[in-house]
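**Student:** Sequences listed follow chains B and Z, in order.
Residue 74 in the numbering used here sits at position 74 of the first sequence, and the numbers go up by one each step.
To convert a position in the second sequence, counted from 1, into the numbering used here, add 1000.
In case anyone wonders, no lab produced these hints; they're calculated from the structure.
Just so you know, even glycine gets a beta-carbon here, dropped at the ideal spot from N, CA and C.
Hints are not guaranteed to be accurate.
Pair ranges (Cβ atoms, derived) [to be verified]:
(1) B:Leu134 with Z:Tyr1083: 46 to 52 Å
(2) Z:Arg1221 with B:Met119: 44 to 50 Å
(3) Z:Ser1187 with B:Gln286: 31 to 37 Å
One-sided and incomplete, this derived list gives chain Z residues near chain B with beta-carbon spacing under 8 Å [said to hold, decoys possible]:
(4) Cys1016
(5) Cys1065
(6) Pro1091
(7) Glu1092
(8) Arg1094
(9) Met1099
(10) Pro1118
(11) Thr1122
Some chain B residues well away from chain Z (every beta-carbon gap over 12 Å; in silico) [unchecked claim]:
(12) Arg12
(13) Leu39
(14) Leu41
(15) Pro105
(16) Leu111
(17) Phe118
(18) Ile122
(19) Trp142
(20) Ala186
(21) Phe190
(22) His198
(23) Val199
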Amino acid sequence: MPFGRPCGLRLRSKLERCIERILLIATAIAAVAIISILLLLAYFCLPLFTSGELGEVFSRRWQPFAGSYGILPMCAGSFAISLLALFLAFPGAVAICFFVHSLAPAPAAGLLKTLVHFMTGIPTVIYGFVSVFLLVPLMRDWLSAGTGFTLLTAAITLSLLILPTIVLVFQARLERIDPTLTLASAALGFTPIEQVRHVLIPASAQGLLVAAILGFGRAIGDTLISLMLAGNAAQFPVSLFVSIRTLTAHIALVLATDSQSMAYRSVFAAGLVLFLLMGMINLLIQRIGRADNEKTYEKDR
Amino acid sequence: MEKVVTNPAIVVEELCVEFSGKTVLENVSLTILPAELHVIIGPSGSGKSTLLRAINRLNEFFPNCRTSGLVRIRLDGHLVDIYARDAPPLPELRRRVAMVFQTPAVLPFSIEKNMTMPLKVTLGLRGGELRERMEWALRQVGLWDEVEARLLDEATTLSGGQQQRLCLARALALGPQVLLVDEPTASLDFRATETIEQLLVDLKDRYTIIAVSHSLSQARRLADRLWVLREGRVMQQMNRRQLQDAALFQEIIDNIF
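Isolated chain B (complex conformation) (with noise of 0.2 Å):
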């Protein structure tokens, strides 16, 4: 059979398919997955859009016993959670990276590598839990903020659920630097100092960008350190030493207790928010990952 294929390469192009078609129905049922999330908040919410209610859900007043289901407070409370654990721990992140990638020791660097990678796998609990003990106390006693359970309480402990994530996010985005663009910069005679504030900082300024929003992302989900130190109270965030709620933490509470209300209903619409600036994140790393992978100083190309 002078144009037939051998019996081992067709098994292998046969063997090829099986495993592409295996592929695509996992791709297929992620893809399913987040689509029917949507499509689930999105009908739960429609009796929102279509009786008119949503105006009330998106008002400034949570008073449920009151007739008042506004979520725009839990709104606020996510957007100064986030971006105070972020004001928090990015510049501390920022540091750890550069000092680890240029100005340490190996041992030293080697340690805090390791002390990072340690941090991810503290459950959030542990963190809300030893903040409880420690951090709320402190906050009554020395700054007298009420029962201490506050809005600057829950960023600090937020700050350091999410800097691991923004360290390991931007180390990476650092090693994928050209290690030529270092050893040429030392060749010119930079001082390591010098090499990170003229080369390093504005060569990776997109991975900066990167890790802060990925940091603010993971902030803005977290459900658990906010329920447990923010005091849960539904009011804007006025002050650092306020009680807040964030909507996390309003889904997690009206969920634990009603079913049929206007509050329940107000949960998904909480939900609907958090999907969509979560979708919306995604969008914009995205984004920015392309313009990067422009850049040709990157090493894999």
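Chain B is already provided as a structure; the job is to place chain Z on it using the hints.
**Tutor:** Quick look at chain Z alone, frame taken from chain B:
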């Protein structure tokens, strides 16, 4: 007649370099003269680049490096032991012993910023002086006319040969006394290689140049003095006369490789 060495530019004595306990250079001794083009050749892994980097202490950039022996460089008329305690600080040493790499190491900025930023950061130059120095250096490498109208373009938009000349100009702008060139034409086409080679010949009267080459024919064309390295040792030193004798050159190279 061999030239009598009266004012060497660089003296290397019994230089040994190890990385993580693995010996890369062993008892290397050589004397570099001013106004000559020195070329080092050898098979991959023979320690050519390590020898170059020992002369501006760039090996220390890599982890677990140990260097012993002497490297003395003539700076401002005096031979200075660059590994001694009272040696010039590393940034200053590296500015005066400049290096150009195998693949053009342009920074991810504009052509202008590639030239001016190192001058600002390391020498503190500003304004007109900065621009003058940039233009002078770009003219030295014959790049000024090609980039004058596009100084604000990304340096990565230049061709490989232009990028390598930009790197050379950036190094020259810092006012070095020694130029270390590590396989500068390895990633370039024939024409760009010719330009860089001519540049090195033109510059050798003003700078002490040591080049690593991957090509025997290039080494023969360029070198006033040639060292052949193998497994971290200097196997042979050849002068211009020996290099011009094609049969002798071939015989020596055949014996070593």
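**Student:** Which of the stated hints cannot be reconciled with the structure, identified by number in ascending sequence?
**Tutor:** 2, 4, 5, 15, 20, 21, 22, 23
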